[in-house]
Amino acid sequence: MKVRIDVDACVGAGQCVLAAPDVFDQRDEDGMVVLLLETPPPALEAAAEHAALLCPALAIAVDR
Amino acid sequence: MGSLERVVVVGASAAGVTTAETLRREGYTGGLVLVGDEKVLPYDRPPLSKQVLAGTWEPEKTVLRPDSAYAGHGIELRLGSAATGLDLARRTIALSTGEEIGYDGLVIATGTTARTLPFGHDLKGVHVLRTVDDAVALRGDLLRSASVVVVGAGFLGSEAAASARRLGLDVTLVDPLPLPLVRPFGDEVGTAIAGLHEEEGVRLRLGTGVTALHGEGAVTGVGLSDGTVLPADVVLVAIGARPATGWLDGSGLPVDDGVVCDATCRAADGVYAAGDVARWFNPHFGGLMRVEHRMNATEQGMAAARNLLGAQVPFAPAPYFWTDQFDARIQAYGVFPAEAEMVVAHGGVAERKFVAHYLADGRVVGVLGWNMARQLRADRQLVRSAA
Ligand SMILES: Cc1cc2nc3c(=O)[nH]c(=O)nc-3n(C[C@H](O)[C@H](O)[C@H](O)COP(=O)(O)OP(=O)(O)OC[C@H]3O[C@@H](n4cnc5c(N)ncnc54)[C@H](O)[C@@H]3O)c2cc1C
Ligand code: SF4
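Chains A and B, in that order, give the protein sequences. Going by my numbering, the first residue of the first sequence is number 1, and it counts up by one from there. Going by my numbering, the first residue of the second sequence is number 65, and it counts up by one from there.
Derived from the structure by calculation, the hints contain no laboratory data. C-beta atoms are modelled at their ideal positions from N, C-alpha and C, and glycine is treated no differently. Mixed in with the good hints there might be a few duds.
As the list claims (entries may be wrong) - For the chain A half of the interface with chain B, some residues (derived, Cβ under 10 angstroms), not all of them:
no., residue
1, Gly12
2, Asp25
3, Asp28
4, Glu29
5, Ala57
6, Leu58
7, Val62
To be verified - Rough simulated footprint, nothing fancy, chain A against chain B, three-plus residues with beta-carbon under 8 angstroms:
no., region
8, 218-231
9, 362-374
Unchecked claim - As a list, the in silico EDC-like pairs of lysine to aspartate or glutamate whose alpha-carbon atoms are at most 20 angstroms apart:
no., chain 1, residue 1, chain 2, residue 2
10, B, Lys125, A, Asp8
11, B, Lys114, A, Asp22
12, B, Lys417, B, Glu262
13, B, Lys417, A, Asp28
14, B, Lys417, A, Asp30
15, B, Lys114, A, Asp63
16, B, Lys114, A, Asp30
17, B, Lys417, A, Glu29
Given only the sequences and the hints, what does the whole structure look like? Please build it.
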């Protein structure tokens with residue numbers, strides 16, 4: 001699985017970090033998303049996918 | 065209720081699209097129709113008053129999913145057709161095309177429409193902002209104009225005022241309330257937002273109502289309750305939204321400021337609602353609640369889909385909301401009752417970097433962050449654990 005983020009669209013909601021804290025973080029200054037793992041291990045794939053669904057800005061894309 | 069063979073989702077926007085996708089994700093394999101009265105592919109609204117109005121995004125960037133995604137999920141997308149009636153006994157919906165479609169399961173996600181003033185909307189240059197067409201038309205007018213008056217200093221009006229100011233227009237923000245966004249967040253935050261707007265050159269006319277829109281053919285001015293007339297080339301009316309439930313009149317479905325639902329988002333046998341249009345019993349706060357925020361559309365769409373499939377799980381979120389104005393990103397999580405006491409827990413309001421807690425009966429019921437996203441995320445759990 002490959003995860004892509006669109007920082008331009010991110011609104012800093014932090015849903016992704018709550019859903020998959022090992023895959024996403026947020027910048028301190030403005031809360032923008034930071035991708036920690038571009039290719040999460042299988043155990044984290046479901047969480048990463050859930051984060052993409054929850055993101056209110058559609059800033060996360062997950063390619064299988 | 066019997067087995068599901070045909071589900072119809074009415075309203076093809078954030079909540080409706082999420083509902084349809086969740087049904088498939090949860091393994092539903094029957095017929096699935098998504099009905100929407102807009103002609104364009106479903107899109108996201110929050111960027112309309114921000115990036116689209118400011119011109120940093122092309123309107124196309126707001127599209128939620130490419131066309132192919134719907135067919136890929138077996139979702140029959142019926143755009144440009146409005147639902148005009150519901151027959152609960154026969155389980156059918158009437159469409160503006162004259163067709164009637166039957167359902168075993170129905171999800172209502174028709175959202176809200178912009179409220180209007182009782183006068184003046186026939187004048188050229190007078191706008192509301194709800195759809196992508198609205199945003200494109202408003203931006204076009206702003207680019208040709210020198211001055212705009214924004215009526216309503218809620219989040220939509222104050223965001224649009226900021227975007228118009230960034231375009232270089234002379235901007236006046238009018239509201240009968242004494243401060244912007246004061247109803248949800250109280251005096252201290254309202255004062256800070258007012259200060260930000262004034263610093264950026266937005267003129268504020270607060271504590272004043274609008275009594276008339278002047279002009280012949282095209283708008284030229286806005287009449288205020290104190291007798292002054294503000295000159296205006298463009299007027300944006302941003303005075304809130306009302307649930308799009310007209311098509312349910314006479315159906316027998318309980319409608320009272322939205323489709324009234326139980327804790328599982330169910331309004332009648334086989335009928336659920338989600339998003340801006342749904343007024344459901346939120347067990348987390350122990351009352352009926354209708355939330356006009358983007359995150360709720362996603363979360364409630366997921367919940368309604370799962371419950372339609374039989375999950376029977378109460379939908380009990382703490383609402384989440386954000387707004388961007390100039391360089392301020394304000395995020396709020398939870399509820400903000402008028403009687404709540406606001407306490408600054410981190411940072412400072414004067415520095416425009418803080419997290420505030422809102423306390424009711426000694427419990428944290430809401431947290432608000434201003435340019436402090438990470439801290440706010442950490443403090444969200446206070447709202448959860450207090451429940
Ligand atoms: C300009 C703007 C900026 C915003 N900014 C923010 C923000 O910063 N943060 C935030 O949290 N929220 C924001 N919101 C609110 C957020 O966009 C809404 O909460 C969200 O769009 C709700 O989604 P929904 O699917 O429930 O309803 P809607 O988006 O209203 O969609 C309902 C759809 O149903 C269609 N429909 C209505 N009646 C019928 C019918 N009879 N038949 C068929 N189709 C019908 C409508 O045309 C529409 O396409 C903003 C809203 C606007 C307008
Ligand atoms: S959930 Fe989306 S909008 Fe929120 S921080 Fe993550 S990427 Fe950004």
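20 angstroms limit on alpha-carbon distance, applied to hinted pair Lys417(B) and Asp28(A): holds, 12 angstroms
Satisfaction of hint between Glu262(B) and Lys417(B), Cα-Cα up to 20 angstroms: The given pair, whose Cα atoms are some 18 angstroms apart, holds under the 20 angstroms limit.
Satisfaction of hint between Asp30(A) and Lys417(B), Cα-Cα up to 20 angstroms: holds, 10 angstroms
Straight-line alpha-carbon gap Lys114(B) to Asp30(A), limit 20 angstroms: Holds, at about 16 angstroms.
Interface restraint verdict for Val62(A) against chain B (beta-carbon cut-off 10 angstroms): violated, 13 angstroms
Residue hint Gly12(A), partner chain B, criterion CB-CB below 10 angstroms: holds, 4 angstroms
Coverage claim, chain A over the region 218-231 of chain B, checked by counting residues with Cβ within 8 angstroms (three needed): violated (count 0)
Coverage claim, chain A over the region 362-374 of chain B, checked by counting residues with Cβ within 8 angstroms (three needed): The restraint on the region 362-374 of chain B holds, since 3 of its residues have a Cβ under 8 angstroms from chain A and three suffice.
Pair hint outcome, Lys125(B) versus Asp8(A) [Cα-Cα no greater than 20 angstroms]: Measuring from Cα to Cα gives roughly 11 angstroms; hence the hint holds.
Evaluation of the interface hint that places Ala57(A) against chain B, nearest CB under 10 angstroms: Holds, about 8 angstroms.
When the least beta-carbon distance from Asp25(A) to chain B is tested against 10 angstroms, hint result: holds, 9 angstroms
Restraint check for Lys417(B) with Glu29(A), where alpha carbons must lie at most 20 angstroms apart: Distance ~10 angstroms between Lys417(B) and Glu29(A) Cα, so the pair holds.
Checked against the numbered hints listed earlier, the structure breaks hints 7, 8, 11 and 15; every other hint is satisfied.
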